[in-house]
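Number of protein chains: 2
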Amino acid sequence: MYDCIIIGTGAAGVSAALTLRARGKNFLFLGNPELSSKINAAEKISNYPGLCEVSGAQLKEAFSSQLKAAGIEITPAQVTGVYDMGGHIGVLCGQQSYEAKSVILATGVEAVKPVAGELEYLGRGVSYCATCDGMLYKGKKIAVVCTSKSMEEEAEYLASLASEVYFVPLYKDAELKGENVHYIKDMPQAIEGKMRVERLVFRNSAIDVDGIFMLKSSMAPSALVPGLKSEGGHVLTDRQMRTNINGVFAAGDCTGKPYQYAKAVGEGNIAAHTVCEFLAERK
Amino acid sequence: MYDCIIIGTGAAGVSAALTLRARGKNFLFLGNPELSSKINAAEKISNYPGLCEVSGAQLKEAFSSQLKAAGIEITPAQVTGVYDMGGHIGVLCGQQSYEAKSVILATGVEAVKPVAGELEYLGRGVSYCATCDGMLYKGKKIAVVCTSKSMEEEAEYLASLASEVYFVPLYKDAELKGENVHYIKDMPQAIEGKMRVERLVFRNSAIDVDGIFMLKSSMAPSALVPGLKSEGGHVLTDRQMRTNINGVFAAGDCTGKPYQYAKAVGEGNIAAHTVCEFLAERK
Numbered sequence: 023m024y025d026c027i028i029i030g031t032g033a034a035g036v037s038a039a040l041t042l043r044a045r046g047k048n049f050l051f052l053g054n055p056e057l058s059s060k061i062n063a064a065e066k067i068s069n070y071p072g073l074c075e076v077s078g079a080q081l082k083e084a085f086s087s088q089l090k091a092a093g094i095e096i097t098p099a100q101v102t103g104v105y106d107m108g109g110h111i112g113v114l115c116g117q118q119s120y121e122a123k124s125v126i127l128a129t130g131v132e133a134v135k136p137v138a139g140e141l142e143y144l145g146r147g148v149s150y151c152a153t154c155d156g157m158l159y160k161g162k163k164i165a166v167v168c169t170s171k172s173m174e175e176e177a178e179y180l181a182s183l184a185s186e187v188y189f190v191p192l193y194k195d196a197e198l199k200g201e202n203v204h205y206i207k208d209m210p211q212a213i214e215g216k217m218r219v220e221r222l223v224f225r226n227s228a229i230d231v232d233g234i235f236m237l238k239s240s241m242a243p244s245a246l247v248p249g250l251k252s253e254g255g256h257v258l259t260d261r262q263m264r265t266n267i268n269g270v271f272a273a274g275d276c277t278g279k280p281y282q283y284a285k286a287v288g289e290g291n292i293a294a295h296t297v298c299e300f301l302a303e304r305k
Numbered sequence: 023m024y025d026c027i028i029i030g031t032g033a034a035g036v037s038a039a040l041t042l043r044a045r046g047k048n049f050l051f052l053g054n055p056e057l058s059s060k061i062n063a064a065e066k067i068s069n070y071p072g073l074c075e076v077s078g079a080q081l082k083e084a085f086s087s088q089l090k091a092a093g094i095e096i097t098p099a100q101v102t103g104v105y106d107m108g109g110h111i112g113v114l115c116g117q118q119s120y121e122a123k124s125v126i127l128a129t130g131v132e133a134v135k136p137v138a139g140e141l142e143y144l145g146r147g148v149s150y151c152a153t154c155d156g157m158l159y160k161g162k163k164i165a166v167v168c169t170s171k172s173m174e175e176e177a178e179y180l181a182s183l184a185s186e187v188y189f190v191p192l193y194k195d196a197e198l199k200g201e202n203v204h205y206i207k208d209m210p211q212a213i214e215g216k217m218r219v220e221r222l223v224f225r226n227s228a229i230d231v232d233g234i235f236m237l238k239s240s241m242a243p244s245a246l247v248p249g250l251k252s253e254g255g256h257v258l259t260d261r262q263m264r265t266n267i268n269g270v271f272a273a274g275d276c277t278g279k280p281y282q283y284a285k286a287v288g289e290g291n292i293a294a295h296t297v298c299e300f301l302a303e304r305k
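Protein chains in written order, with my numbering: chain A, 23 to 305; chain B, 23 to 305.
Just chain A, with the same shape it has in the complex:
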């Protein structure tokens, strides 16, 4: 069992990983090996102490080489659930599962807000994970809402199973192809149904479907972690970055504004130190 699993490879996750390594902890670092896509997009960062007028790409490169020098590897994974198992934490990534004494959520913020009904119908026709739930929709009619090009491969897998795919890319230059793939260029507004999902409603139309996949590069922590307390879309923590769930900590943008690199690395550092205290108390 790992001492800790860090979920998310943005600035907060990187900071937590460097500190856990410095403290000699046995941890797993899950997320995108290319780090945060947001870091890469920043043109110029003027207020990150120690690096003068650095570009996002340069900061990302600095983080990457620092992780490499410290011998820290990133395990590529899309986390689909985090569960309090009473004494340890279970982390699901599709079919793969991991166990740890503690977890640091450093998942960032999802720029795309949940569609009305999304959280209510989660597990009743709404899914975040093609690998986990794809087979349930073999030969059925589904909608696939995709927020990032990096998730298109999962949409392809779904198209190989479903009879009809209504594909809703929320980015430019989507390339998904297939005879059963129908593009919809509109913003989803609401998910409707009775016991289960029946319909996805857009601004100008609606489609009847058996299921809806919301493929996001990062997920709202409240959707990932059953029972996690949040407010206004942000995980609630105390100043030591403890959440309401024993053994689950959070850091970075997912805990709230300001959405800043300095704030994220600070909270990652604090969370890692609190994890060390937590581990010492467990013994």
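Wrong hints could be hidden among the right ones.
For identical chains, the list gives no copy identity; a pair is met inside one copy or between any two copies.
Below, computed lysine to aspartate or glutamate pairings styled on EDC-like, alpha-carbon distance capped at 20 Å [said to hold, decoys possible]:
(1) Lys279 / Asp260
(2) Lys160 / Glu201
(3) Lys90 / Glu75
(4) Lys47 / Glu65
(5) Lys163 / Glu140
(6) Lys279 / Glu303
(7) Lys238 / Glu140
(8) Lys60 / Glu174
(9) Lys216 / Glu142
(10) Lys135 / Asp230
(11) Lys279 / Glu299
(12) Lys47 / Glu75
(13) Lys90 / Glu214
(14) Lys199 / Glu65
(15) Lys66 / Glu56
(16) Lys135 / Glu214
No lab work stands behind these hints: they were computed from the structure.
With the hints as your guide, set chain B onto chain A.
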């Protein structure tokens, strides 16, 4: 009147200054132009994200050149008091005073704990400021406890006024000279008296004095700011770095552990953002 005064030039103060500059605020940055003496002392920092295996001296150099590039100047000052003036904050540095709409305390932690009785007798024979209170002890017998070589100049000034100076340097290579200067190489244990200071007690001796100067390179925020809530020697703040006093914020080591650069820059960043919100609400 300044938008903000940042007190302290360690990592938290530097981070706050860079962000206030990025946000176009009119602020004063008070403290040691050589930045934190602690930064300089760090041999190797392994977990500051973005700078791989950097030495304290290198990090200090990076901070200094970044401040210079951003056109941020440090005003050398020893702050002796911060006062809530009801609507604005007054900052005293000996005889000099400044006014601001807000203050960020980034004063670090004083490694030397207060001596028993120190806070009780503050203003009744105990002083932190040679410039402010020196004249009160002209021709009198005083003890001067000095925690840092950088404060020796103040001790020299006091020796020019007092009849007898019992000099207690808490560092090596003290150089204060004078016919009326008597060195004591022992740790102060307690300050005693009735209405006012009468005696400074050491492990192995005690001396009768009219006053005691505690010359420290940084002061406990609770001694600087009347009414400031603290706990275990640390300023109490919420997650937005607000203290219990309207317009007074805090960041870095003075708010508690972990004493880490990443944590300090994170809190400096958050405090600066909260100051911006505070200023917007004032308008």
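The hints, checked one at a time:
Proximity of Lys279 and Asp260 under a CA criterion of 20 Å is satisfied in both settings, with 15 Å inside one chain copy and 14 Å between copies. In this homomeric assembly, Lys160 and Glu201 come within 20 Å of each other (Cα to Cα) only inside a single copy, at 16 Å, whereas the closest approach across copies is 96 Å. Taking CA atoms no more than 20 Å apart as the test, Lys90 paired with Glu75 passes between copies only; the shortest distance there is 12 Å, against 23 Å inside one copy. When the C-alpha separation of Lys47 and Glu65 is checked against a cutoff of 20 Å, the pair qualifies neither within a copy, at 34 Å, nor between copies, at 22 Å.
When the C-alpha separation of Lys163 and Glu140 is checked against a cutoff of 20 Å, the pair qualifies only within one copy, where the shortest distance is 18 Å, while the shortest distance between copies is 76 Å. In this assembly of identical chains, Lys279 and Glu303 lie within 20 Å of each other by CA distance solely across copies; the values are 17 Å between and 31 Å within a copy. In this homomeric assembly, Lys238 and Glu140 come within 20 Å of each other (Cα to Cα) only inside a single copy, at 13 Å, whereas the closest approach across copies is 58 Å. Taking CA atoms no more than 20 Å apart as the test, Lys60 paired with Glu174 passes inside one copy only; the shortest distance there is 18 Å, against 50 Å between copies.
When the C-alpha separation of Lys216 and Glu142 is checked against a cutoff of 20 Å, the pair qualifies only within one copy, where the shortest distance is 11 Å, while the shortest distance between copies is 69 Å. In the homo-oligomer, the alpha carbons of Lys135 and Asp230 never lie at most 20 Å apart, since the shortest distance is 22 Å inside one protomer and 70 Å across protomers. For the homomeric pair Lys279 and Glu299, the shortest alpha-carbon distance between copies (12 Å) is at most 20 Å, but the shortest distance inside one copy (26 Å) is not. In this assembly of identical chains, Lys47 and Glu75 lie within 20 Å of each other by CA distance solely across copies; the values are 19 Å between and 33 Å within a copy.
In this assembly of identical chains, Lys90 and Glu214 lie within 20 Å of each other by CA distance neither inside one copy nor across copies; the values are 47 Å within and 57 Å between. In this assembly of identical chains, the alpha carbons of Lys199 and Glu65 never lie at most 20 Å apart, being 33 Å within a copy and 57 Å across copies at closest. In the homo-oligomer, the alpha carbons of Lys66 and Glu56 lie at most 20 Å apart inside one protomer (19 Å), although the nearest pairing across protomers, at 27 Å, exceeds that limit. Taking identical chains as interchangeable, the C-alpha atoms of Lys135 and Glu214 lie at most 20 Å apart only when both belong to the same chain, with a minimum of 17 Å there against 63 Å between chains.
Checked against the numbered hints above, the structure breaks hints 4, 10, 13 and 14 and satisfies the rest.
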